[in-house]
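Undergrad: Chain residues, written in single-letter form:
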Amino acid sequence: MRGNSNQARPTIFVVDDDAAVRDALKLLLRSVGHAVETFGSAQEFLDAYAEDRAGCLVLDIRMPGMSGLELQQKLNEKHSILPIIFITGHGDVPMAVEAMQAGAVDFIQKPFRDQDLIDRINQALEKDGANRAALGERNDIRRRLETLTPREREVLDLVVHGKANKVIAGDLKLSQRTVEIHRARVMEKMQASSLAHLVRMVLEVGQV
Amino acid sequence: MTLLRVAELQEERAHRLEREFQAVLDAAVDAVVLFDHEGRIELLNHAGERMFGYNEQEVIGLKVNILLPEPYRSQHEDYLRHYIEAGEPRIIGIGRELIAKRRDGSEFSAELAVGRVQGTDPPRFVGFIRDITVRRNAEEALRRSEAQLTIAQEIANLGNYVVHFDGKYEDYWSPHLYRVLGRRYGEPYIAVYEYLEPMVHPADRARWRQARAELDASGRQMDTEYRVIHPDGSLRYVHHIAQTTRAADGRLLRQVGTLHDITDRRRAEDEARQMQDRIAHFGRISTMGEMAAGIAHEVNQPLTAIATYAQACQRLIGQEDFSNTEVEAALTHIGAQALRAGEVIRRLRTFVKNREVRRELVEANRLIEDVLTLAQTDARHNGVRMLLEQAPQGPLVQADAVQIQQVILNLVRNSIDAMVEVPEARREILLRTLLDSEGDVEFMVADRGVGVDAATMAELFNPFFTTKPGGTGLGLSISRSIVRAHGGKLWCGANPGGGARFFFTLPAVPASAGS
Numbered sequence: 001m002r003g004n005s006n007q008a009r010p011t012i013f014v015v016d017d018d019a020a021v022r023d024a025l026k027l028l029l030r031s032v033g034h035a036v037e038t039f040g041s042a043q044e045f046l047d048a049y050a051e052d053r054a055g056c057l058v059l060d061i062r063m064p065g066m067s068g069l070e071l072q073q074k075l076n077e078k079h080s081i082l083p084i085i086f087i088t089g090h091g092d093v094p095m096a097v098e099a100m101q102a103g104a105v106d107f108i109q110k111p112f113r114d115q116d117l118i119d120r121i122n123q124a125l126e127k128d129g130a131n132r133a134a135l136g137e138r139n140d141i142r143r144r145l146e147t148l149t150p151r152e153r154e155v156l157d158l159v160v161h162g163k164a165n166k167v168i169a170g171d172l173k174l175s176q177r178t179v180e181i182h183r184a185r186v187m188e189k190m191q192a193s194s195l196a197h198l199v200r201m202v203l204e205v206g207q208v
Numbered sequence: 001m002t003l004l005r006v007a008e009l010q011e012e013r014a015h016r017l018e019r020e021f022q023a024v025l026d027a028a029v030d031a032v033v034l035f036d037h038e039g040r041i042e043l044l045n046h047a048g049e050r051m052f053g054y055n056e057q058e059v060i061g062l063k064v065n066i067l068l069p070e071p072y073r074s075q076h077e078d079y080l081r082h083y084i085e086a087g088e089p090r091i092i093g094i095g096r097e098l099i100a101k102r103r104d105g106s107e108f109s110a111e112l113a114v115g116r117v118q119g120t121d122p123p124r125f126v127g128f129i130r131d132i133t134v135r136r137n138a139e140e141a142l143r144r145s146e147a148q149l150t151i152a153q154e155i156a157n158l159g160n161y162v163v164h165f166d167g168k169y170e171d172y173w174s175p176h177l178y179r180v181l182g183r184r185y186g187e188p189y190i191a192v193y194e195y196l197e198p199m200v201h202p203a204d205r206a207r208w209r210q211a212r213a214e215l216d217a218s219g220r221q222m223d224t225e226y227r228v229i230h231p232d233g234s235l236r237y238v239h240h241i242a243q244t245t246r247a248a249d250g251r252l253l254r255q256v257g258t259l260h261d262i263t264d265r266r267r268a269e270d271e272a273r274q275m276q277d278r279i280a281h282f283g284r285i286s287t288m289g290e291m292a293a294g295i296a297h298e299v300n301q302p303l304t305a306i307a308t309y310a311q312a313c314q315r316l317i318g319q320e321d322f323s324n325t326e327v328e329a330a331l332t333h334i335g336a337q338a339l340r341a342g343e344v345i346r347r348l349r350t351f352v353k354n355r356e357v358r359r360e361l362v363e364a365n366r367l368i369e370d371v372l373t374l375a376q377t378d379a380r381h382n383g384v385r386m387l388l389e390q391a392p393q394g395p396l397v398q399a400d401a402v403q404i405q406q407v408i409l410n411l412v413r414n415s416i417d418a419m420v421e422v423p424e425a426r427r428e429i430l431l432r433t434l435l436d437s438e439g440d441v442e443f444m445v446a447d448r449g450v451g452v453d454a455a456t457m458a459e460l461f462n463p464f465f466t467t468k469p470g471g472t473g474l475g476l477s478i479s480r481s482i483v484r485a486h487g488g489k490l491w492c493g494a495n496p497g498g499g500a501r502f503f504f505t506l507p508a509v510p511a512s513a514g515s
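Note that the protein sequences, when read in sequence, are chains A and B.
Read in order, the letters of the first sequence correspond to residues 1 to 208 in the numbering used here.
Read in order, the letters of the second sequence correspond to residues 1 to 515 in the numbering used here.
One thing to keep in mind: the hints can contain errors.
[Unchecked claim] Looking from chain B toward chain A, a few residues come up when the C-beta cut is under 8 Å (computed): (1) Arg16; (2) Gln301; (3) Leu303; (4) Ala305; (5) Thr308; (6) Tyr309; (7) Ala312; (8) Arg315; (9) Ser323; (10) Glu326; (11) Ala330; (12) Thr332; (13) Gln337; (14) Leu339; (15) His381; (16) Gly383.
[To be verified] Residues from chain B that keep clear of chain A, each with C-beta distances beyond 12 Å, as calculated: (17) Glu11; (18) Glu111; (19) Glu139; (20) Glu146; (21) Tyr172; (22) Gln210; (23) Leu252; (24) Asp270; (25) Arg340; (26) Arg359; (27) Thr467.
Please keep in mind that the hints were generated in silico from the structure rather than gathered at the bench.
Predicted model only: the values in this text are computed from it and were never measured.
Cβ atoms here follow ideal geometry from the backbone N, Cα and C, with glycine treated the same way.
Let the sequences and hints guide you as you build the complete structure.
TA: So, in structure tokens, the structure goes:
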């Protein structure tokens with residue numbers, strides 16, 4: 001089964017150009033039991049990262065070459081859902097604001113209290129888990145939708161628009177009995193427990 | 001012998017005497033004039049004709065005092081009358097200097113001697129007149145040049161002396177030398193070196209003796225500056241130049257020297273230097289202010305690492321199965337990072353500290369390497385690559401390293417700022433040293449930024465001119481004054497590939513001087 005990444009152990013990705021800071025962060029996060037991967041530059045991370053890997057990104061905002069903000073922009077372009085926590089220096093508040101506006105979950109100023117960082121990371125991981133679960137569910141719904149025949153899909157669309165079987169039969173020039181059979185097949189294939197459940201699933205993936 | 005024969009002989013002798021007398025008169029360089037007791041001219045020789053512009057025939061019978069202007073004209077009449085009446089000689093038999101008058105009215109300095117012709121009654125007189133214009137002019141010129149020399153020495157506050165070693169001549173102190181050495185003109189003579197030695201500041205005395213010894217021993221000129229303490233206790237700086245003249249056999253003949261009181265100049269120089277140092281210090285502080293973000297970051301990095309390592313260690317130790325090696329490694333890192341932060345601060349303090357300016361021999365290449373270290377953080381955070389190109393000869397310069405680093409750092413800062421707007425691939429600074437054709441060390445900071453337009457170029461080095469928000473406008477003007485104080489020059493030009501290039505030179509010190 002695909003989409004099992006949300007069940008895998010999340011990884012903290014640390015990107016900082018300063019080797020000592022990188023190494024210290026790795027030790028700290030490992031000491032609290034996280035899986036950690038470190039990268040010396042934004043490009044290094046981009047080259048190595050696969051979108052289905054769960055976790056969060058701890059990202060230095062100022063770096064030579066591609067800056068933290070530029071990496072964020074690239075990830076956004078790829079519709080990445082990986083949460084980003086920026087670590088910033090003293091004078092970087094305007095940049096941090098920009099990062100937050102572009103969707104970063106948080107920022108933290110150097111040097112920081114370990115618990116502050118760990119708390120933020122845990123929040124980010126929770127968010128990532130939830131995001132990935134939601135994403136996984138939507139993918140499941142889409143896959144189920146794909147198993148419907150064209151006729152079943154037509155019936156589904158009319159059902160979620162609140163049409164009665166008799167109306168649907170009229171619209172599709174079918175017998176009411178045939179509509180009932182299609183409808184039962186749709187409920188079964190979509191694993192819907194009720195009409196309300198079916199409607200919610202279709203709304204979830206925006207295919208109304 | 002007949003009486004006639006005697007008379008003939010006497011007459012012949014008289015003729016001969018007259019011819020000889022005439023020859024003497026004609027050959028005389030001085031004017032000769034004969035006149036009677038009333039002052040009437042009886043004779044004027046050729047030299048007299050030439051000297052006064054008269055023909056002899058014109059003046060015979062005229063009063064001799066026509067040859068004099070007033071008041072000498074009347075005086076002369078009085079003298080003559082006095083002599084005739086009282087037998088009292090005023091000028092007779094003695095020479096005197098007066099002014100004589102030519103036929104054309106012009107006057108000249110003359111020396112006059114008048115004698116009475118013996119055995120004449122009423123008496124007759126002979127006057128000798130010598131034109132002393134040339135001599136008087138020479139005397140006047142000498143007096144004037146001596147006076148001018150004295151004035152010049154007073155103005156320059158400089159005195160000179162001559163010391164003779166062969167005893168034939170007296171040593172000489174110029175009038176102003178007395179002042180330079182704290183004495184009053186006219187005080188008794190003292191041998192200059194014996195007088196000077198105890199006056200020399202104790203800290204400079206060994207050097208002074210050394211210079212004196214070299215002056216005596218070798219043909220080398222003495223050229224040295226030292227301090228002297230005047231009898232009134234005041235401290236003065238003097239510049240002493242002297243040279244030795246020797247006889248063919250190598251004996252010392254004499255030494256001539258000048259002593260120049262340079263106290264005022266030295267004090268002005270000291271003040272100017274202090275002012276310059278204060279400005280340079282201010283410039284460094286403002287440069288640092290502009291770099292503050294980069295510096296804060298540079299100190300923040302090791303602090304962050306230290307805090308994080310320490311907190312990680314606490315957590316590890318709290319765990320049952322923690323690994324000793326991991327904690328030990330983290331502690332080692334903490335130590336190293338603390339030193340790293342300390343190093344950053346030490347470097348900044350050296351750079352910003354209000355310090356005594358010290359010129360020493362430094363390698364030009366080391367100067368640009370050090371700046372590279374200082375500017376690296378700033379450059380990296382602005383996506384700027386820094387390249388070095390060092391002179392292969394490894395030239396030495398006599399310089400205050402911190403001030404020159406300040407100049408280079410300032411240029412690098414400007415270059416970084418000039419490249420904010422250009423694509424990152426272009427952001428590159430080249431630091432270069434080379435030996436130029438004149439033997440100076442040329443430093444270059446070249447960037448690929450927006451460049452300097454002509455209007456900006458004209459004002460670039462003016463104090464308080466700036467194109468940067470928050471800039472002081474002092475960086476380049478301070479840099480230029482630092483470079484000038486080191487005997488070099490600073491200028492800028494366009495980079496052929498786009499951007500700007502700033503150059504400055506420092507005189508190179510021959511490598512042998514450094515060893």
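Undergrad: Against each hint, give a clear statement of whether it holds in the structure.
TA: We went through each hint and held it up to the structure:
With 8 Å as the threshold, the beta carbon of Arg16/B stays out of range of chain A, its nearest partner Cβ sitting at about 123 Å, so the hint is violated. Interface hint status for Gln301/B: upheld, as the beta-carbon distance to the closest one in chain A is roughly 5 Å, under 8 Å. For the restraint placing Leu303/B at the interface with chain A, the shortest Cβ-Cβ distance is roughly 5 Å, inside the 8 Å limit, so the hint holds. Because the closest C-beta pair between Ala305/B and chain A is about 4 Å apart, less than 8 Å, the hint holds.
The restraint placing Thr308/B at the interface with chain A holds, with a minimum CB-CB distance near 4 Å, inside the 8 Å limit. Below 8 Å, beta-carbon pairs count as interface contacts, and Tyr309/B has one with chain A at about 4 Å; its hint therefore holds. With its C-beta approaching chain A no nearer than about 4 Å, Ala312/B sits inside the 8 Å limit, and its interface hint holds. Satisfaction of the interface hint for Arg315/B is found here, the shortest Cβ-Cβ separation to chain A being roughly 4 Å, below the 8 Å cut-off.
Annotation: Ser323/B was flagged as interfacial toward chain A, and the flag is violated, the nearest CB pair being 10 Å apart, outside 8 Å. Taking 8 Å as the C-beta contact cut-off toward chain A, the hint placing Glu326/B at the interface holds, the least distance being around 7 Å. With a cut of 8 Å, the hint placing Ala330/B at the interface with chain A holds, because the nearest CB-to-CB distance is about 6 Å. Hint status for Thr332/B: violated, given a least beta-carbon distance of 11 Å to chain A, over 8 Å.
Checking Gln337/B against chain A: minimum C-beta separation of about 5 Å stays under 8 Å; hint holds. For the restraint placing Leu339/B at the interface with chain A, the shortest Cβ-Cβ distance is roughly 11 Å, beyond the 8 Å limit, so the hint is violated. Interface restraint check: His381/B against chain A, minimum CB-CB distance 5 Å, threshold 8 Å, status holds. About 6 Å separates the beta-carbon of Gly383/B from the nearest beta-carbon of chain A, less than 8 Å, and the hint is met.
Distance check for Glu11/B against chain A: the nearest CB is about 131 Å away, which clears 12 Å, and the non-interface claim stands. The non-interface label for Glu111/B is consistent with chain A: the shortest C-beta to C-beta separation is roughly 96 Å, beyond 12 Å. With a cut of 12 Å on Cβ distances, Glu139/B stays outside the contact zone with chain A, its closest approach being about 83 Å. With a cut of 12 Å on Cβ distances, Glu146/B stays outside the contact zone with chain A, its closest approach being about 74 Å.
No Cβ of chain A comes within 12 Å of the Cβ of Tyr172/B; the nearest lies about 73 Å off, and the non-interface call holds. Once the 12 Å rule is applied to beta carbons, Gln210/B is consistent with being away from chain A; the minimum gap is 56 Å. Listed as a non-interface residue, Leu252/B keeps its Cβ farther than 12 Å from every Cβ of chain A; the least gap is roughly 72 Å. No beta-carbon of chain A is positioned within 12 Å of the beta-carbon of Asp270/B; the least distance is around 41 Å.
At roughly 8 Å from the closest C-beta of chain A, the C-beta of Arg340/B falls inside 12 Å, breaking its exclusion from the interface. The Cβ of Arg359/B lies farther than 12 Å from every Cβ of chain A, with a closest approach of about 36 Å, so its non-interface assignment holds. Against the 12 Å criterion, Thr467/B stays outside the reach of chain A, whose nearest CB is about 22 Å from its own CB.
Taken one by one, the earlier hints fail for this structure at numbers 1, 9, 12, 14 and 25, listed in ascending order.
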